[in-house]
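**Student:** Here is how the chains run, residue by residue.
There are 2 protein chains.
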Amino acid sequence: MTFATIAIIGLGLQGGSIGLAVREYLPEARTTGYDINPAHRARAAERRLVDTVCDSAAEAVRQADLVIFCVPPGAMGIAAEQIRAALPAHTLVSDVGSSKEAIAKALGEALPDHLVIPAHPVAGTENSGPDAGFAHLFRNRWCIVTPPDKVDMLKLSELVAFWEALGANVEIMTPAHHDLVLAVTSHLPHLIAYTIVGTASDLEDVTQGEVIKYSAGGFRDFTRIAASDPTMWRDVFLSNREAVLTMLQRFTEDLTALQRAIRVGDADTLFDQFTRTRAIRRSIIEEGQDDSRPDFGRGDHEAAKNP
Amino acid sequence: MTFATIAIIGLGLQGGSIGLAVREYLPEARTTGYDINPAHRARAAERRLVDTVCDSAAEAVRQADLVIFCVPPGAMGIAAEQIRAALPAHTLVSDVGSSKEAIAKALGEALPDHLVIPAHPVAGTENSGPDAGFAHLFRNRWCIVTPPDKVDMLKLSELVAFWEALGANVEIMTPAHHDLVLAVTSHLPHLIAYTIVGTASDLEDVTQGEVIKYSAGGFRDFTRIAASDPTMWRDVFLSNREAVLTMLQRFTEDLTALQRAIRVGDADTLFDQFTRTRAIRRSIIEEGQDDSRPDFGRGDHEAAKNP
Numbered sequence: 001m002t003f004a005t006i007a008i009i010g011l012g013l014q015g016g017s018i019g020l021a022v023r024e025y026l027p028e029a030r031t032t033g034y035d036i037n038p039a040h041r042a043r044a045a046e047r048r049l050v051d052t053v054c055d056s057a058a059e060a061v062r063q064a065d066l067v068i069f070c071v072p073p074g075a076m077g078i079a080a081e082q083i084r085a086a087l088p089a090h091t092l093v094s095d096v097g098s099s100k101e102a103i104a105k106a107l108g109e110a111l112p113d114h115l116v117i118p119a120h121p122v123a124g125t126e127n128s129g130p131d132a133g134f135a136h137l138f139r140n141r142w143c144i145v146t147p148p149d150k151v152d153m154l155k156l157s158e159l160v161a162f163w164e165a166l167g168a169n170v171e172i173m174t175p176a177h178h179d180l181v182l183a184v185t186s187h188l189p190h191l192i193a194y195t196i197v198g199t200a201s202d203l204e205d206v207t208q209g210e211v212i213k214y215s216a217g218g219f220r221d222f223t224r225i226a227a228s229d230p231t232m233w234r235d236v237f238l239s240n241r242e243a244v245l246t247m248l249q250r251f252t253e254d255l256t257a258l259q260r261a262i263r264v265g266d267a268d269t270l271f272d273q274f275t276r277t278r279a280i281r282r283s284i285i286e287e288g289q290d291d292s293r294p295d296f297g298r299g300d301h302e303a304a305k306n307p
Numbered sequence: 001m002t003f004a005t006i007a008i009i010g011l012g013l014q015g016g017s018i019g020l021a022v023r024e025y026l027p028e029a030r031t032t033g034y035d036i037n038p039a040h041r042a043r044a045a046e047r048r049l050v051d052t053v054c055d056s057a058a059e060a061v062r063q064a065d066l067v068i069f070c071v072p073p074g075a076m077g078i079a080a081e082q083i084r085a086a087l088p089a090h091t092l093v094s095d096v097g098s099s100k101e102a103i104a105k106a107l108g109e110a111l112p113d114h115l116v117i118p119a120h121p122v123a124g125t126e127n128s129g130p131d132a133g134f135a136h137l138f139r140n141r142w143c144i145v146t147p148p149d150k151v152d153m154l155k156l157s158e159l160v161a162f163w164e165a166l167g168a169n170v171e172i173m174t175p176a177h178h179d180l181v182l183a184v185t186s187h188l189p190h191l192i193a194y195t196i197v198g199t200a201s202d203l204e205d206v207t208q209g210e211v212i213k214y215s216a217g218g219f220r221d222f223t224r225i226a227a228s229d230p231t232m233w234r235d236v237f238l239s240n241r242e243a244v245l246t247m248l249q250r251f252t253e254d255l256t257a258l259q260r261a262i263r264v265g266d267a268d269t270l271f272d273q274f275t276r277t278r279a280i281r282r283s284i285i286e287e288g289q290d291d292s293r294p295d296f297g298r299g300d301h302e303a304a305k306n307p
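For the record, the sequence lines run as chains R and E.
The UniProt record's numbering numbers the first residue of the first sequence as 1 and each following residue consecutively.
The UniProt record's numbering numbers the first residue of the second sequence as 1 and each following residue consecutively.
It is worth saying that the hints were derived from the structure and are not from the lab.
It is possible that part of the hints are untrue.
[To be verified] According to the in silico footprint, chain R covers these stretches of chain E (three or more CB under 8 angstroms from chain R): (1) 115-127; (2) 133-145; (3) 208-215; (4) 243-256; (5) 261-272.
[Stated by the list, open to error] A short list of chain R residues far from chain E (calculated; beta carbon distances all over 12 angstroms): (6) 65; (7) 148; (8) 156.
Glycine residues also receive a C-beta, built at the ideal position from the N, C-alpha and C atoms.
The whole structure should be built from the sequences, with the hints applied where relevant.
**Tutor:** Structure representation (structure tokens):
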């Protein structure tokens, strides 16, 4: 392991999980960490998310070989400026943000003399904060690394090896392509989930109690991702605006077509659309990105074992 | 138990689960069943979904005290007509369909001399067919019963007791209100999920392989419900058209507002919307309609136990 000391800035779901994963899978490495919220620092120390919780970001990075920013996309630039003076020249800078072009630019501008290789582990839960992390978050998940055009190949391979050690499969792509892929696989689903949960809260004819009670009909699947961290998601949409708006336009066109099919009673169009979406589900399960058990083991466990 | 013999017409996820649940929770009752698909009848017999798989619907209902139609909403009327001549006068007729006004009308017209009390267990998985059912599907789920204005209260209470015996909590409401509630908690989520999975399949710049690979970012949550039975869902949208279109209109307005917030960079609107949706998620978990474990126990089990 080439990174002897790893500094984690931001000790929420992602930062906490990285700290715990390093302890489990790379026990020879030392971790330091910082979070802007004093209560989160205290809790991070209690949970031992990192070996040393520091009182400033500068202190956390002073001996680091790798710094990973795990703060919301909109806070990356400011967080990077706070460590500039303290950062050793050789230290590799990375992050876990869900948009890559904007973050690459913000980190690059704040740390012009350092190598920045952004990354994005496509793994998460709806929980956030210092209690949310766990060591196995990245296992069998993809981590997308988006190196700049000119990159030290040795550093790149070290970063790839780091994520592989934490259990992730690594893929390399350009920041622009990452942002387009994630707009459809992550950002648009979150936007839609946030919307429908909001819509359901505001109805006059159906109470919120009824929405909650009968959520097992499908709605509850949306509430999980609509419970994700609001600050982070606000920043994701603002930092990946163009790709999100492009995908949203496509979605709206498709929804309008289905709306028309319902209105005019076009049974064939509905059936055809509902048939072809099944194949994608099968592929996701085959590739190990989801679980085929009914309700993913929700509810009682006998039910989960006995489909 | 007042229903000595229960006939189940349609042996898919719902019908099969009812048959298995009756054997487990009401072992003194006898079950008969029929499915229009001969291969499904054969498989139903192998799995012993009901005590006797019959070669016609008429034969299945001839000695029944309760008949439950578990066919797609659009097939209810035809299925009911097929049993009219064979149905004993005292037999109570019910169903499990996801829309209630249209089905009540179809069953009432086909069986004018019988008492019809429609019902809808709000429980399911994305699987369908004779292999999909399991005995515990209805446990701790809600079953909505929508009796007609003039109803035999004894029969109603027997139907309620039947569903409670299978583990469900029963709620009584009008068919019209049911259809409005389910439009938002089930039908709209399914429509949106089908749409986004279709949108993601048709992109030029992002391959289907990439969509599958990075689905853990949120997209996979939508694919589960978009893998539901196409025939049933086509019929649900056509039979609950007005309520679905009303809810869809509300959703589209809300989505447009968020789209504008992203376009103009209105961070406060995004943050406020994303904050208030968290509370609903908490309520759903508190009321036992979902599981708070990260990923609902998806992926490896150590991760699920160790959030």
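**Student:** Are the hints correct? Go through all of them and say.
**Tutor:** Quick rundown of the hints versus the structure:
Counting residues of the stretch 115-127 of chain E whose CB falls under 8 angstroms from any CB of chain R gives 6; the rule of at least 3 is met. Chain R is given as covering the stretch 133-145 of chain E, and this holds because 9 residues of the stretch bring a CB closer than 8 angstroms to a CB of that chain, at least three being needed. With a threshold of 8 angstroms between beta carbons, the proposed coverage of the stretch 208-215 of chain E by chain R holds, since 7 of its residues qualify and at least three are required. A count of 9 residues in the stretch 243-256 of chain E with a Cβ less than 8 angstroms from any Cβ of chain R is obtained; the coverage claim is therefore met, three being the minimum.
Requiring three or more residues with a Cβ within less than 8 angstroms of a Cβ of chain R, the coverage given for the stretch 261-272 of chain E holds, as 6 such residues are present. Against the 12 angstroms criterion, residue 65 of chain R stays outside the reach of chain E, whose nearest CB is about 28 angstroms from its own CB. Remark: the non-interface label on residue 148 of chain R is consistent with the geometry, its nearest Cβ contact in chain E lying 21 angstroms away (cut-off 12 angstroms). Listed as a non-interface residue, residue 156 of chain R keeps its Cβ farther than 12 angstroms from every Cβ of chain E; the least gap is roughly 20 angstroms.
In summary, this structure violates none of the numbered hints.
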